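Residue numbers (this note's numbering), protein chains in the order written: chain A, 1 to 201; chain B, 202 to 402; chain C, 403 to 603; chain D, 604 to 804.
Some hints here could point you the wrong way.
If you only want the chain C side, here are some residues facing chain D, beta carbon under 7 Å, derived [stated by the list, open to error]:
#1 D413
#2 M427
#3 A429
#4 L431
#5 D433
#6 L450
#7 F452
#8 G456
#9 N460
Restraint-style ranges between C-beta atoms, simulated for each label pair [what the hints assert, rightly or not]:
#10 B:A329 / C:I519: 37 to 47 Å
#11 C:L431 / D:L636: 24 to 34 Å
#12 A:G124 / C:A540: 15 to 25 Å
#13 A:L163 / C:A436: 49 to 59 Å
#14 B:T238 / C:A539: 42 to 52 Å
#15 C:L556 / D:L636: 37 to 47 Å
#16 D:L643 / C:F563: 45 to 55 Å
#17 C:P443 / A:P38: 33 to 43 Å
#18 B:L237 / C:I519: 13 to 23 Å
A few chain A residues that face chain D, going by a derived Cβ cut-off under 7 Å, partial list only [what the hints assert, rightly or not]:
#19 R5
#20 G12
#21 I20
#22 L75
#23 A77
#24 L79
#25 S86
#26 F90
#27 W94
#28 N98
#29 F100
#30 A101
#31 E130
To be clear, the hints were calculated from the coordinates, so they are not data collected in a lab. Note that the structure is a prediction, hence the values are computed from the model and not measured. Ideal Cβ positions, reconstructed from N, Cα and C, are used throughout, including at glycine.
Number of protein chains: 4
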Amino acid sequence: MRTGRLEAFSDGVLAIIITIMVLEMRAPLGDDLAALTPLLPVFLSYVLSFVYLGIYWNNHHHLLHATHRVSAGVLWANLHLLFWLSLIPFVTRWMGENHFAPAPTATYGFVLLMAAIAYFILQGRILATEGPASALAAALGRDLKGKASMALYLVAIPAAFALEWIAGAVYVLVALLWLIPDRRIERALASAGADAGSLQS
Amino acid sequence: MRTGRLEAFSDGVLAIIITIMVLEMRAPLGDDLAALTPLLPVFLSYVLSFVYLGIYWNNHHHLLHATHRVSAGVLWANLHLLFWLSLIPFVTRWMGENHFAPAPTATYGFVLLMAAIAYFILQGRILATEGPASALAAALGRDLKGKASMALYLVAIPAAFALEWIAGAVYVLVALLWLIPDRRIERALASAGADAGSLQS
Amino acid sequence: MRTGRLEAFSDGVLAIIITIMVLEMRAPLGDDLAALTPLLPVFLSYVLSFVYLGIYWNNHHHLLHATHRVSAGVLWANLHLLFWLSLIPFVTRWMGENHFAPAPTATYGFVLLMAAIAYFILQGRILATEGPASALAAALGRDLKGKASMALYLVAIPAAFALEWIAGAVYVLVALLWLIPDRRIERALASAGADAGSLQS
Amino acid sequence: MRTGRLEAFSDGVLAIIITIMVLEMRAPLGDDLAALTPLLPVFLSYVLSFVYLGIYWNNHHHLLHATHRVSAGVLWANLHLLFWLSLIPFVTRWMGENHFAPAPTATYGFVLLMAAIAYFILQGRILATEGPASALAAALGRDLKGKASMALYLVAIPAAFALEWIAGAVYVLVALLWLIPDRRIERALASAGADAGSLQS
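With the hints as extra help, turn the sequences into a complete structure.
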């Protein structure tokens with residue numbers, strides 16, 4: 001129960017970040033369907049960011065579910081993650097309004113990279129308190145998906161200046177990689193629970 | 202208790218969606234009561250959307266109250282529902298500012314339809330984990346109200362282009378249908394609880 | 403525990419309402435202290451509304467603390483209250499930007515009146531489920547403060563058109579009346595708890 | 604558990620305050636990296652305020668964790684703190700948009716000072732209900748860090764009119780002082796818990 005308020009605060013911030021992005025989609029000026037067309041890139045970047053924030057919420061949910069103790073380091077690592085995620089509405093809007101131009105698209109990737117690094121740090125801090133023999137450590141293993149995502153962002157950022165659609169494709173690819181939520185933790189915990197259950201019975 | 206954080210996050214997003222709509226009602230320019238008149242359609246569309254979001258919160262509350270296990274599919278079905286609901290402030294504003302013109306009114310209905318479909322999917326995912334013999338399955342029965350709503354939206358969307366007031370009337374009608382909250386679940390759970398109670402005593 | 407999610411949702415909406423008002427205080431154009439002067443009426447109306455929303459949160463907190471069962475009627479009465487409270491940022495801004503002109507000041511009072519009526523209805527619905535012999539019924543008594551507030555708003559609204567400062571003074575007076583939070587409930591519950599305690603010992 | 608809803612409401616307000624600041628960072632007009640340059644002071648003031656709000660959330664979390672009873676005085680002292688914190692987005696924006704000009708920088712310090720005083724009052728109210736022999740009282744001791752912060756703000760506010768960078772440096776210094784979270788409470792509670800544990804075993 002020590003993680004309760006940390007989860008509540010993170011949920012609050014994530015809920016606000018995911019919702020205020022839509023505030024930026026100004027109502028179109030015309031009153032026919034054609035008036036929606038210029039909004040299409042803004043809408044697409046909104047969908048992409050919504051999916052990313054959904055992924056972060058999902059994985060954060062699983063990560064903290066496997067956390068038993070919140071240290072000061074975990075609190076700050078969590079705030080650091082929320083900081084980078086809070087910049088997503090800003091870069092989403094910039095990228096959408098400029099029709100995926102190189103600089104905004106690269107900046108979007110940079111914020112995604114920093115959020116991925118912040119998540120990696122948070123995960124490391126939690127692992128440090130849970131210990132290498134914990135269910136969480138077993139579940140994460142070598143965290144190939146996390147490391148691959150960071151490598152892909154590092155490719156996408158410079159690529160945005162050459163061919164911006166490649167960067168966009170990489171962002172979509174990473175999102176698809178993660179859309180399958182982090183079931184490793186779920187599965188490891190379930191089996192740990194089953195073990196505990198068989199011990200109790 | 203597995204549903205706790207899902208409810209908290211959904212509550213956060215719904216609370217923000219329902220509240221930020223009012224941010225779009227800019228203070229009128231004049232300082233007399235007549236200055237409020239041009240805001241009337243904006244206000245009416247705000248009232249309608251507030252009622253719709255209230256209905257979704259209410260039914261979501263009952264649905265998750267009857268849910269015992271949250272799978273990855275449920276998490277994503279829930280985020281999918283929140284995505285369509287998050288577009289309601291956008292279409293509310295567009296419809297209100299354009300005095301219920303055909304295209305915005307039809308788009309409003311389209312978002313309502315997608316939200317209804319998303320709710321239907323979420324319900325299906327939860328039913329799949331709860332099983333056909335669960336109290337929830339019994340409570341929902343054939344879900345006539347849910348299916349009727351979707352059929353009515355499908356009528357209203359094209360109707361908006363012919364006679365926009367018909368679409369508006371349909372939206373109000375569907376809201377009235379649901380204003381009577383989903384007491385089937387409440388009743389079924391209460392009777393299940395009574396059974397459990399009589400077993401315990 | 404049945405009231406848990408109702409409280410969480412209400413807290414979310416109230417937290418957003420109380421916070422987004424400050425979003426309306428645009429940063430002044432100049433960079434000296436004199437640039438703050440034109441913001442003074444906006445700031446004063448913000449302080450007044452912050453206090454009002456704080457009072458509502460406080461009393462809502464006490465009211466739901468004494469509630470044991472949430473019926474469908476209570477859910478909708480609560481949403482109805484949140485609807486009127488959600489209009490406070492709108493009227494706060496209008497009143498502040500127009501330096502407490504008659505029509506915005508009267509409209510502000512109208513929204514306060516409707517919120518007071520909505521609170522009265524919510525209280526009535528909860529009393530109906532708790533019963534006339536409940537601790538809550540004893541605590542509220544004849545609810546003189548609630549009725550006096552509504553009467554004072556009814557005086558202030560027309561008064562705003564004659565002498566706007568009288569309306570403003572009445573709003574401040576009602577706020578002061580309530581700043582002493584609804585300790586009747588707190589006290590009655592404490593004594594009920596003490597009784598229960600003495601029964602247990 | 605009496606503190607539950609107070610924490611939830613405070614978390615909601617703090618989550619919104621910390622998140623809406625980013626709404627004020629309008630997307631730059633150009634679509635190249637140079638377009639980000641004018642946003643730098645706005646971004647820096649955002650980072651500073653994010654850190655301050657993170658510190659407040661952290662310390663508030665520890666303070667309420669050590670609180671067992673919420674009186675009416677605590678409720679209002681908490682709302683008073685939230686009031687001053689809610690002004691941080693406003694002064695952050697003003698300071699950032701005016702490139703740390705004297706008056707906005709001094710006003711920023713004034714709001715920080717008022718928030719520090721409000722926190723001091725809240726702490727005092729909680730100490731009054733917990734008693735001088737409580738773990739919290741032992742943990743806070745003479746609260747040198749709290750008092751030093753207020754003294755530093757009092758120096759920084761007039762200094763902003765002479766040399767604004769001194770004020771900025773002081774704000775950063777105070778933030779660094781607090782970035783080490785209030786582990787006194789954590790440590791004292793842990794040792795109290797260990798005592799309780801040894802008593803139980």
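Outcome of the hint check:
1. Taking 7 Å as the C-beta cut-off, the interface hint given for D413 of chain C holds, the closest approach to chain D being about 5 Å.
2. For M427 of chain C, the interface hint holds, the least distance from its beta-carbon to any beta-carbon of chain D being 5 Å, beneath 7 Å.
3. The beta carbon of A429 of chain C comes within 4 Å of a beta carbon in chain D, closer than 7 Å, and the hint placing it at the interface holds.
4. Look at L431 of chain C: its Cβ only gets to about 9 Å from chain D, farther than 7 Å, so that hint breaks.
5. Taking 7 Å as the C-beta contact cut-off toward chain D, the hint placing D433 of chain C at the interface holds, the least distance being around 4 Å.
6. Of the supplied interface hints, the one on L450 of chain C is violated, with its beta-carbon coming no nearer than about 12 Å to a beta-carbon of chain D, more than 7 Å.
7. Restraint check, F452 of chain C versus chain D: the minimum CB separation of about 6 Å is within 7 Å; hint holds.
8. A least Cβ separation of about 4 Å between G456 of chain C and chain D falls short of the 7 Å threshold, and the interface hint therefore holds.
9. For N460 of chain C, the shortest C-beta to C-beta distance to chain D is roughly 6 Å, which falls under 7 Å, so the interface hint holds.
10. Between A329 of chain B and I519 of chain C the beta carbon distance is about 44 Å. The supplied range of 37 to 47 Å therefore holds.
11. At roughly 28 Å, the beta carbons of L431 of chain C and L636 of chain D sit within the given window of 24 to 34 Å.
12. Separated by about 56 Å at the C-beta atoms, G124 of chain A and A540 of chain C break the suggested range of 15 to 25 Å.
13. Separated by about 52 Å at the C-beta atoms, L163 of chain A and A436 of chain C satisfy the suggested range of 49 to 59 Å.
14. As the Cβ distance of T238 of chain B to A539 of chain C is approximately 43 Å, the hint placing it in 42 to 52 Å holds.
15. The supplied range of 37 to 47 Å is broken by L556 of chain C and L636 of chain D, whose beta-carbon atoms lie about 60 Å from each other.
16. A hinted range of 45 to 55 Å holds for the C-beta pair L643 of chain D and F563 of chain C, which are about 50 Å apart.
17. The beta-carbon spacing between P443 of chain C and P38 of chain A, approximately 38 Å, falls within the hinted interval of 33 to 43 Å.
18. Take L237 of chain B and I519 of chain C: their Cβ atoms lie about 20 Å apart, and the range 13 to 23 Å holds.
19. Because the closest C-beta pair between R5 of chain A and chain D is about 6 Å apart, less than 7 Å, the hint holds.
20. Because the closest C-beta pair between G12 of chain A and chain D is about 3 Å apart, less than 7 Å, the hint holds.
21. At about 6 Å, the closest approach between the beta carbon of I20 of chain A and any beta carbon in chain D falls short of 7 Å, and the interface hint on this residue holds.
22. Given hint, L75 of chain A at the interface with chain D, holds; its Cβ is 6 Å from that chain's nearest Cβ, closer than 7 Å.
23. Interface hint status for A77 of chain A: violated, as the beta-carbon distance to the closest one in chain D is roughly 11 Å, over 7 Å.
24. Interface restraint check for L79 of chain A: the shortest CB-CB distance to chain D comes to about 4 Å, inside 7 Å, so the restraint holds.
25. About 5 Å separates the beta-carbon of S86 of chain A from the nearest beta-carbon of chain D, less than 7 Å, and the hint is met.
26. A distance limit of 7 Å between C-beta atoms decides the matter here; for F90 of chain A the minimum to chain D is near 5 Å, and the interface restraint holds.
27. Here the hint on W94 of chain A is kept, as its CB sits about 4 Å from the closest CB of chain D, short of 7 Å.
28. The closest approach between the C-beta of N98 of chain A and any C-beta of chain D is roughly 4 Å, which is under the 7 Å cut-off, so the hint is satisfied.
29. A distance limit of 7 Å between C-beta atoms decides the matter here; for F100 of chain A the minimum to chain D is near 10 Å, and the interface restraint is violated.
30. Below 7 Å, beta-carbon pairs count as interface contacts, and A101 of chain A has one with chain D at about 4 Å; its hint therefore holds.
31. Nearest Cβ of chain D to the Cβ of E130 of chain A: about 18 Å, over the 7 Å cut. The hint is violated.
Of the numbered hints given earlier, the model fails hints 4, 6, 12, 15, 23, 29 and 31; all others are met.
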